[in-house]
Each structure stands twice: as C-alpha cells, then as structure tokens.
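**Student:** One letter stands for each residue in the lines below.
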Amino acid sequence: MRKLIYATLVVASGAFASCTDLNEEPKSNIASDSFYQTQSDAVSAVQSVYSDLTHNTSGDHASIYNRLLVLAVGMMTDDNIPGPRATNPDVRSIAALTQTSTNTRYYELWRQHYEAINRANAAIDRLPAITSGDAAVIERLVLEAKFLRGLLYYNLVRLWGDVPLIVHETTSLNNLEVARTPADEVYAQIIQDLTEAANGLPAKYTGADAFRATSGAANAVLQSVYITRREWAKAITQYETIENGGYGYYLFPNYGDNFSTAKENIGEHIFDANYIADGSAFGGGKGNANILSYISAPVNGFFVGSGVGGDADAPIAPLRKQFKSYDKRAAVTFNDSVLNTSKVKVYDPHFYKYWDNAASTNLANNGVNAPIIRYAEVVLYYAEAQNELNGPNTEAYAAINRVRNRAGLPDLTAGLTKDQFRDSLFQERRLEFVFEQIRWFDLIRTNGSGKPLLTQALKDLVDTNKGGVPTDTWCIAKSTNVSDKFLLLPIPQSEIDANSKLTQNTGW
Amino acid sequence: MKKTVKVALLLWVILLGVANQTQAQTSSKLRGTILDERTKQPLIGVTIRVKGTATGTVSDIDGKFEVTTKQELPVSLIVSFLGYKTQEIEFYETEPVDVFLTEDANLVNAVVVIGYGTQKREELTGSISSIPVAAIKESGSTSFVIGLQGLATGVQVTQSSGSPGGSVSVRIRGGNSITGGNEPLYVIDGFPVYNDNNAASAGAISGPSINALSSINPADIESIDILKDASATAIYGSRGANGVIIVTTKKGKAGKGTVTYDGWYGVQSVSKKIDLLNAQEWGIYKNDAYANSSKSPYYSDSEIAALANTSTDWQDEAFRSAAVQSHQLGFNGGNESTKYSISLGYFDQDGIIINTDYKRITGRVNLTSKVNERLNVGLNLNGSVSTSNVIPSGTILSLLTIPPTVSVYDADGNYTFKSPYESAVANPIATLNETTNETKINRLLANTYGEYQIIPGLKAKILLGADILDNKQNYYSPSTLFESNAVNGSASVGSKFTNNWLNENTLTYTKSFDKIHNIDVLAGYTQQHSKTEGVIANAANFTNNIVEYNDLGSGSTLQKPSSSYSNWDLASYLGRVNYNYLQKYFATVSLRADGSSRLGENNQWGYFPSASVAWQISKESFLSDLKGTISNLKLRLSAGQTGNQEIDPYQSLSLLTSYSYPNGSNTTITGYAPSRIANPDLKWETTTQYDAGIDLGLYEERIKLVVDAYYKKTDDLLLSVPVPVTSGYATSLQNIGSVENKGFEIGLNTENIKGKFRWTTDLTYSQNRNKVLSLSSGVDKILVSSEIATGSVIKVGQPLGSFWGYKTDGLIRSADQIPSTPLLANTKVGDVNYVDLNNDDKITAANDQTLIGNAQPKFVAGFTNNFSYANFDLSVFFTATYGNKIYSYVIQQLMVPTGYQNVIGGFADHYTAENTDAKYQRPNENITTNAVSDLYVFDGSFIRLKSITLGYTLPKSVAAKLKVDNVRFYVTGQNLITWSDYPGYDPEVNSYDQVSSRQGVDTGAYPSAKSVAGGLSITF
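Here the protein sequences line up with chains A and B, keeping their order. Under my numbering, the residues of the first sequence are numbered 1 to 508, in order. Under my numbering, the residues of the second sequence are numbered 1 to 1020, in order.
Excised from the complex, chain A in its bound form:
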C-alpha cells in the first residue's frame, strides 16, 4: 500500500511539477492590452490609420487612394475607362455602369474605409489615457486621427448617403450590427472632427513629420464639406481662414510640380497620399509606392527603355479632346505617343500624371505623392462659392483665372451668367484634376443648379458638340446606362447579409 502511495505521488508530482500554462504569450505579435502605453505607441497607433489610405494588407485589392477609388468610382466618370489589360469583369461592369451590389470593389472600398475608421477610433479612444511622453504630441496625434476619421466619413457619406456612424473602437463581438445614420448626423460628426482638428493641429510640420495632417488640411476638407452641403458663405469663410491662417499655400507656377518628388508636402500641397520609391507596390496598389503610374502606362512603354506598364486605367476617348492645344496641363496629364508591339511610336494618349522619371525603368519604384486635396481646389471652391452666393463677381473670376492662367489659358470670358460660370468652373475642375479622384464627387454632388451633373455629363459623351465620341463602346455604354441610382453606391450585398439592420439604396 505504501508503494502505491509513493507511485501515486511520483505520477502526481510529474503531473504538477511543470503544470502547463494555458495562457498564450504571442511573442511575435503585440496584444492590445500591452499596447497604447507610450508616446511611440501613440505614434504607431495613428500611423496605422494613415497606412490604410494607401495600403491594403488583406487580400488582392488596391487601397483607397492607391487606385481603389479609381476602380470603384473613377471608372464611372466621363474621364476613365478600363484599359486593354483591365480584364476584370467587376471593373469593366463598373465602367459600363452595369454593376450590381455584389461588386467586390464596392465591398473593398466600404471595408477599407471602416477598417481605417476603426483604427482611428482605437487611437481616439485609447491615446488620451497614455501618461508617458509629451502630452502635447499625444493630443496632436488624437487630432490627426480625428482629421482622418472626418476625411473617411466624408468619403462614405458622399458615396453612400446614410451610413453607420461608429465613433468607438470595436472591442467585442457584441452589437456589431449598426443601422444607417442619417447623412446630416454623419456630417455633424465630420464637421465636429474637422473643426477640432482645424483648431488644434499645427499649421506646419518639418522634416519627417511633413506628411501629417495640418490645421490647413482640416480647414480645406471642411471647405469641401461646406461646398458639398451648399453652405456657400461658410465655404467663403473657410477660404479666408486658409488664406489668413499663415499656411503659406500657393499655386506652383509650374502645374507639373504638383506631381514631382522634389516638391512634396509644400507649396500647393495641402494633404497628400504619401509614397516612397521602394518597389513595394508592383501590380498591387497596396504598398509604399504609387501604383497609378504603372497601372496607366502602356504595355510597351512610352519610349524605349521606359518601364512597361499595366495599361489598365485609361482615359476615355473624349477626354483628351477637352484640352486646348496650349493648355500646359495636357502634357503633364497625358503622354500621347506610346510604343506599339513593334516598338514604333503611335498616337494613343495614356495618363502620365504621376510619372516619376527616376522610376522610369521600374515603375514599381514610383514615389510621387498623390494629392488628396491641393490649393488649386481651395481656390476653385472659392470661385464656386462666390458665384453661387454673389454671382460671377470679380472674386470668382479672379480665383478661376489664377488656375487658368497657371495652365497657360487666357482669362475666362467675361460677362458670363451664373449658370455659364458654373459650367465653366466645373469644366475647369475637370481638366485641373484629371485622375485625382475628384471628378466622381463633382458629378454626384447637387451643385448650385439644384441638380447633380452626372446624367448630363455622361450623356455628353456621345454628343459630338461636347467633344463626345458616339461610336465609342464605352461612351455608348455610359451614356445609355446612366441613371439617378448611381448618385449613391449600393451597400455591398455581403454587408447587408451580415448586418440585418442595413437597408439598400434606391434602385440597387
């Protein structure tokens, strides 16, 4: 019996000597609970929100500002079509306006915005509790996160209308289904976030911090919000705030400087998607390099020795014709001659806007920043607000002419009516911002005329008087299929499946 006890003890001691610890310690990952402790944690938390602007780390798709907006909405405009190598049926259906709510590009655009918003929410919720480090820096970082949250919700509310408004980090699997919030409430949150950012963020940064959101950026996006909401007086006030805020924004004398690695985050730049040339985005649009150059460049290159491109994002036939021969923007926006299969130059305009000569042999190294909002837009918004509030007055003319003159165009014809001025202004915006993910938002917003531009603009694609090409299949498809339902995108079907509280937009 005694032996039995001994043996039992031996077995038992073996069992408990190294009592297995079932708590997990994931050494190669940080657990949420051990993070958000220091100032550098705070920097990293906010950096992950910036990262979502140009990086998509899950799946094959492009990221918000690194091509996804081009695919999801740019393709629907009267500027873009899929090039010969853009064979994806989802993208092609968007461009032909035959898409449905199951289109993966809409799912991705929706998902990536909310992913970034959740990261911003995490920073906004958690950073104020950090006690280690410079309190002023941490406060600034919270405001940067609020700026980004405001920018992201501004995209969502314009694209989808009423959207679920979520302002706190998701920390559990409970209550994940959130209903759509009326657009006005979403706008109230956007204005609150941007106003706080405008009041609290620094006017300028230096050195490595130059990519960060400034108070000027917040004011500029706020101006855009007021324009979209047709609060013209507030938009004019915002212009004055920006002019007098000591930001020192100016139009680059040379239009092309907006797309040069030598002039980043200064001058005309207010807020950019920042890229560097580390070869990380080849074909993907989800890394540190700007994919827009590669993806629009021709298969055989522009000239011998230049990198070969994806030939997937192309200008629609009528677009090139909109530019006057002396418009200096044309040569920056397009390269008209490309090499064909026999390496002979042929006329075939391709987007050239983000071309970085330093990366000409390997387009994956393209480090040119892509503007999200630049000073030319602030100026044109001012012209628009003046025209809508006070008619085409001298301020309105002066503003639009600043942009025209820089492009080598003469002053806008004097004596236009308010409606004519509006038409000229939208045309100017179209030419100024080709391939900058602005056109779609201009087409869908209800402007001073009380209607959005969309239907007319797409119908004009087959109107030879407006430079339309009635024989072009894309022009035909867009002008035939356009309807008011496109003013709001469909809520992704999978999201409706996963969230019983969501309703679909009209017509989808």
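The set of hints was computed from the structure by calculation and includes no laboratory data. Since we're looking at a predicted model, the values are computed, not measured.
Cross-link-like lysine-lysine pairs, in silico, DSS-like; alpha carbons within 27 Å at most: (1) Lys-795/B - Lys-501/A; (2) Lys-27/A - Lys-531/B; (3) Lys-27/A - Lys-472/B; (4) Lys-781/B - Lys-501/A; (5) Lys-345/A - Lys-295/B; (6) Lys-251/B - Lys-963/B; (7) Lys-795/B - Lys-858/B; (8) Lys-919/B - Lys-272/B; (9) Lys-251/B - Lys-359/B; (10) Lys-418/B - Lys-345/A; (11) Lys-842/B - Lys-485/A; (12) Lys-531/B - Lys-472/B; (13) Lys-584/B - Lys-515/B; (14) Lys-343/A - Lys-418/B; (15) Lys-842/B - Lys-459/A; (16) Lys-807/B - Lys-919/B; (17) Lys-295/B - Lys-343/A; (18) Lys-560/B - Lys-27/A.
One-sided excerpt, in silico: chain B residues whose CB lies under 10 Å from chain A: (19) Asn-567; (20) Gly-595; (21) Trp-605; (22) Thr-657; (23) Pro-722; (24) Ser-727; (25) Thr-929.
Virtual Cβ for every residue (Gly too), placed ideally from N, Cα, C.
Keeping the supplied structure of chain A fixed, place chain B upon it in accordance with the hints.
**Tutor:** Using the frame of chain A, we list chain B on its own:
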C-alpha cells in the same frame, strides 16, 4: 522454532517424493521448426504450449523448439504468434515437424495498439484497422502514409502530387472541418504528432510541400493501427475527431542477435504525358488566332511547313528516367532483460523531372530493459536527415504552356531566355536546371519511459518525449533566368525550428475476478508543449551568380527580413475502463479533459466522453453447433465525442499587426493596429460519432468480414465568419456551423486456396457521404477567393470540395446563340457557349453560376491478391477511386485560346470558318482568362494497378549453405497501369494539399511516376 523446522523438512520430503513420482512417468520430447508460410523464414519467439497445461516454450533464432511433456501421445501443441493465425498441431510421434504459420492479415487475435495501451483484437469494442506493414515496406514509398492507400477501410489517402517526398492528405471517414485541420493525429511510439507540413517549411522556397512524416523510414515500422470511431479516438480528446493513426516502430526480441540487410533499386519514369499541340499545329493555331483578331498571319505557309521539323517537346526535355534506391541495415537482439533494435537507413530518389530529388538518412535505436522485477525502462530514438530539391512552383505550367516552336537553346547554345510571344513564359528547362530550390529537414523523435509495477496488475508509467523538427531552405534564382533577370538574381534563406515536448503520466490496473469479470483501468495526466521559431531573409541584385544564397549581404537590394514565433500548450486528464464478462460481453468507457492554449480563455477546457459495447456472439453456447461455419461473430456499438482544435495559435486574442506608412523623409514609420476582434469564447469543434460494426469469421476464419457503418456530426465549426465590416474587421473566427459525414466500410479477407499453393484476397471498400449542414446565419455559400480561381465553394447542403461556376454547352455555332450580354465582351460564333440558366439572355455571375461538381469520391477501394507456391509469392494490388471530380486549373490554362501559349492537343480541332463542327473554341485574343466552368471539371475516377510484387525466398537448405538465415529477392512494379479519363497527369492529385476548402484541384502538379524495382533482403 524446532517444530517449524521439522514441519518444513517433512514438507520437503513429500515434495521430493512427488517429484520423483512424476519423473517416473514417461516423458516425450516434441521438436520442430516454425516457419512463415509465405516467406519460409524461421519465426523466432513463437509461443508453443502443450494444450491443457502450462508447459511451453518459445522458438529460437532458427525457429526451432523443443518441448518436453509428460503427457501421453498424442499431444496437442498450441502454436501462437503475434500477427499469425494460431495453430493446433497434434503429435502422434516424436518426429520433428515443420510448422507453417499463416500470417493473419486481419490480425483477429493479435494485439492491437490503442491509445495509451494495447488490447487484444477480440476484446475491441471500437473500430480499428490494422495495416499489414509488410505491404508498405516493399511498396517503395517514401513515407508510410502513402503506403496506407487502399489497405484500410474508411481511410482515403491522396498524394498531393508525384513530387519526391511530397505531401499527402489523409481523410479518415471524411473531412469534418472547414477551417481547422482535417488530417488525423499520428501517434508515433506514443508521441502525438499533428502532421502539419508547414512545420517542415520555413517559407523561403516555392513549390510543393514536403511531407513532414517522410522522416519516418517505412522499413522501421512494426505496426500501424488506425483508430476510427469515437470509442477508439475519444481518449485523444480534442485531437481525436479526424481519427488517429498509431505507428509503432520495431522492438528488439530476445534471442541470438541478427543482422538484416534490406535493399532495393528501381527505375522510375513518367506515367503519362499531357497531349499538346506540336509546333506545326501550334503555328496554324497561332495564325488563326491572329486572323480572328484581324491581324495578318504570324507564319507564312512555308514557315508553317518548316515547323514540322523543329518542334520542341518540352515535356520530353524535362522528364527523365530516374533512379530510386533504398538500403537499410538492422540489428536486433537481446536477452530476457534487455532487448535492442537498431537500424540505419539510406533512401535516395531522383525525381522524374530533372534537378528534383529527395534523399534521406535515418537512424533508429529502440531499447527496452527490465531493471528489476518491477521496473521496466525503454528508449526510442528516431532521427532523420533529409534533403530535397523541389520543383519551383509554376514550372509545370511553364513546361506545358511554352509554345513548341520555342527551342530550349538559342543559336549560340545558350538557354532561350523566354517565349517570344505575347505571354512571357520563362524557359522551364533553364528554370529547372539553374534554380536552387532546396529544403533540408532534420527530425528527431525521441522518448523514454519508466514503468513500475506497484502491485500485481497496477502499473505506473512516466514518459518523456521530444519531437525536434528543424528546417532550412535555400533559394537562388540567377540573373540569367527570365524570372530574376529584372532584379539581377534573387536569393532567400529560411529556417524554422519546432520543438515539441511531451510528458505523460499514466496508471493502469488490470484485474481478472475469477476469469469472469475482467477489468482494465487507465488514468493519466499528460502535457504537451510546442514552440516554433522561424526566420526568413531575402536579397536581390547580385553582381554575379557565384555566391548564390550564401552571402545575402552581397546583394545590393536587401529586402525586409522576417521572423516569427508561436507556441501552444495542451494539458489533459484521461481515463478509461475496459470491462468484459467471460470474454463475451465487452464494454469500454473513456473520458478525456483537454485544456488548450489555442482556444478562448472562457472555453479552454473541453470534455470528450465515449462509450462502447461489444458482444462476442460466437462464444455463446447457442452458436456452438455452428462453430464449423461461424468461427467468429462479434457485434460492436459505440458512441462518443471528440474534438478538433487544429487552428493556429493566438486566434482568440486581439493582436496588433504592423502597418507602415511613409513619412516626410522618404522612409517609413511602423504603425500598429488591432487585426482581430478578441473572441474569448472560441472553443474546439465537437464531433459526435456513432458506429455499429460486425466482425464475422467463417469456415475457420477462411472468410473474414468486417463491416462498419457510422454517422458523424461536427458542430461548432471553427469558421471564419463574415462580420459587418463596419466593425473594422471583415471576419471573425467563431464556432458556427456543422458538417456531417456518414458512410460504411467493408473489409473482406478470404483464403481462397489453402495448401502448398495458397491464394488469399483482401478487399477494402469505403464510402463516405459528406455534407455541410449549416454555416453562419444567412450565409448559404462561401466562395473561396484566390488569385487562382478554382471555383471551390463551401455550400450548405453540399459536400466540402464542391465547385461553383458556369455550365457550358459546346460552342456557339450561330449568331443567334449569342446572348445580349455575353459573359465575355466581343463573344462571337465559335466561342464557348455558356449556359444561360435563368434565361434572361445575359450571362452573369449572380444568375448563371451553379454547382459543377465536387471532389468527394463516391467510394474508394483496395483489392489485393496474394499467391504463394513453394518459395515463390506474388502480390497484385489494385486501388480504385470512383465518382470524384477534379477541377483542373492546369487544363484551364491549357485551354486559354489567345494563341499566346501552347494548348491541349485537342485544340488542333478548333473552330474556323472551314471547320464549323470543331470540338474546341476558335483561337481568340479577346479571351485572356477563362471563367470557371464545367469545361475544366473532369471525372477523377480511376483504377490503378498500384503494385505487383513477385518474391522468392531461398529454401532453408540453400540459405544454410550460404551461412545466412534467410534470403529473399523480389521485383516490384508500382503504379504500372492507371485506367482513368482524366486528361491531366494523374487523377490522384490535390494541389492545395491540407487546405480543406480547396480539395480536388490540380494547379499543375508534379506528374506521378511508375517504377520497377528489384529488392533483396538478407538476415544473418
């Protein structure tokens, strides 16, 4: 005191008297030799017992025995030996006899290894298959896992590809899980191993993965037992749901030491080539593609004519006849107290594709020793070193798609750089010859134990074990290759170290109460800990191709290195009671409690019970009259629950992942954000299984039948379910959904002819029906998305491995057949006719895709016939799979009609204005990718002559003259003939290996080989 002495003396005298009396009786010496009926080898250690007495002996090294009995002749001897049929021999005289023992293929009376113990087969209440290991040994397989094919019921073994050392997937009674693993648990000499091939791959190279279990030399295996029902597997709790394969390596036996040499040498060649266009056919095809794209012909008529002489058969360039050989030395022996078994093995297989191979050196020591009457200790060491040159991924596809008009070498004798046509296919021969794509695996499986008998029947055992798996991978693609020309050479190295520790503490108690009530109790506590660390480094842009991957620092483009860490822990309590009444009525109950670190903190502990009963009807008196007919009849019933927790560690935690973004100084700042919502409730999948079985033996076991029917339902699937993405996350791993498997298995062994000429037949038949019962609410199907579209879908009401895509109906042969919105813009007459399922004149993904097949076979079967005559033996083994479909991505790629690359040979009959009855579509530059459709779904049924082996064992008299104990020669042919309609290389294919949601896909697998080998086995 004196009195006591007197009594003792008196007793002594009495005892002596009795002894004298017995000696006075007649005694007979019975002598003989025990031989294996098939191999004619002497059998050592066979138990010979005089019937009705305790007198007995064991046979010696030459199989000889001698028993002295006082009983009067005739005397019956009972001759019994593990794995052989017990025989009763009547001695009428004392002349020596030769006793031929027959191998017991079904091992009815043999000892079966079960979880944490052994049991006699006749006492089993659960469903367990034992594998005849001899068949595996001579099969020439790299791994015993491949050898299991067709030998056990309820087990489906699929080689992922023919790649040397390549991976294998095993399904026991179907797949239960969608996200979690579906591979069975392997228990190797008591050490539980989940065969995760990722553990053997650092991730620095590309190509098919290596089977981590290839490190076990098949020749070292003594027995394999496959636990299938819940009664057998529940003792493995949260790892038992996929079945358990118990592998026991050879142990030493008492007696004269022996030296064994086993060696074989074979030659392999490709089983089948894929029919492709030759240069001339392709030239015509290319011209038609140009014509259909309004281009002038690529080739002139005279050039087309000249192409007849310059065709490159790229498959012939890459395939070779390749040698494979194996040599093994074994040392066995010991005495009553200490026994040893030591072996050294060398295996060397060249792949049938140039520059691919697998080499392995194994060493093994098994030692058991009886320290004293109560204490036994033992040691198992199983070490292996293997190296494999793996085919770089995509090479098979390049080999097939590169046009036959391209030559391997250019006019200067250098490799042609790439295909000059629109699709830039790299020269696959250059890729094969010049790329280093090497993986090295060192594995040590070791355990040691001590077993102490506390009181008779009660034993305590403590086992300590380690499984140490190291992998190193080297990759170099030189700048001379198309793939790496742009980056000027690309190199990677990677290492992965996995250490897995085990401690088991068990108590067993065996007791028989008057031989009526027999119990056997097990209780224990075990703990297992695993830790994996990995590192990968890459560089590119080398000034020359000399240092390759050996000096990454010399590359001028250094890429981000990566390192990783993960660990898991499992703590378990287990208990089991086996009870039988008069060896007639049997019952087993078991319970295991598992605590797993991988699961959510609220649900780390799971409890897995099972119960089973069996009734040995043939021992009932009412059947005793039929004993001549029904020699064995047993009914078995079992029910129980098992689990599955095969997910990566840390899935229940909210972890941060790094996401970087450039700063204003052209470098980046690393950001961190949560990448997952914590799920503290995450738990194991639970499989509830019911099994009913009958074991039937007829005519003295000449016909043996084992039939099992089962039903399995798996709930709480570990499923990555979509959550509203407004949460910031797309999916969350939760316990949602269920899957069922039901089926039945038949194992039939017959001894058709007995005597000098002997013929036996073994048949296995397994059928399983798998069905997804539910997914998360509102979700009817999950399409598995990937850059390589294979149509794989998980759909409620359908089996796992289903395919989803368009249906086709030949070609569009008139313009009115073109829908208003065709699937592909610019669809014309001569293109594929996709079926408009909802008749809306539009072909859309939403409305016109449907189920187009599934990868689950209706049944799998194995059929073996063994013949022996005198010293010759012949074994013919067929396997068959019926009713499964293959989605062939490789054929899809070979049907891309652009004319940019080569296509299947059938495309010679393509649609043109002159050939409107053509089978295949017009060449057409408009179609650069093919939609997933039933065009690429093929019947995967096949019958294969898996092996045919002819052996000859030297007669003992000849062997004795050569001063050896035993010599056996054999020749064997493997995979010689396969009957199948599959147009790819081999219908036995599974490119996504262990990924449960993408079964039955061929993305361009390494082709399988047929081989012929000759072998020799000598025992000294």
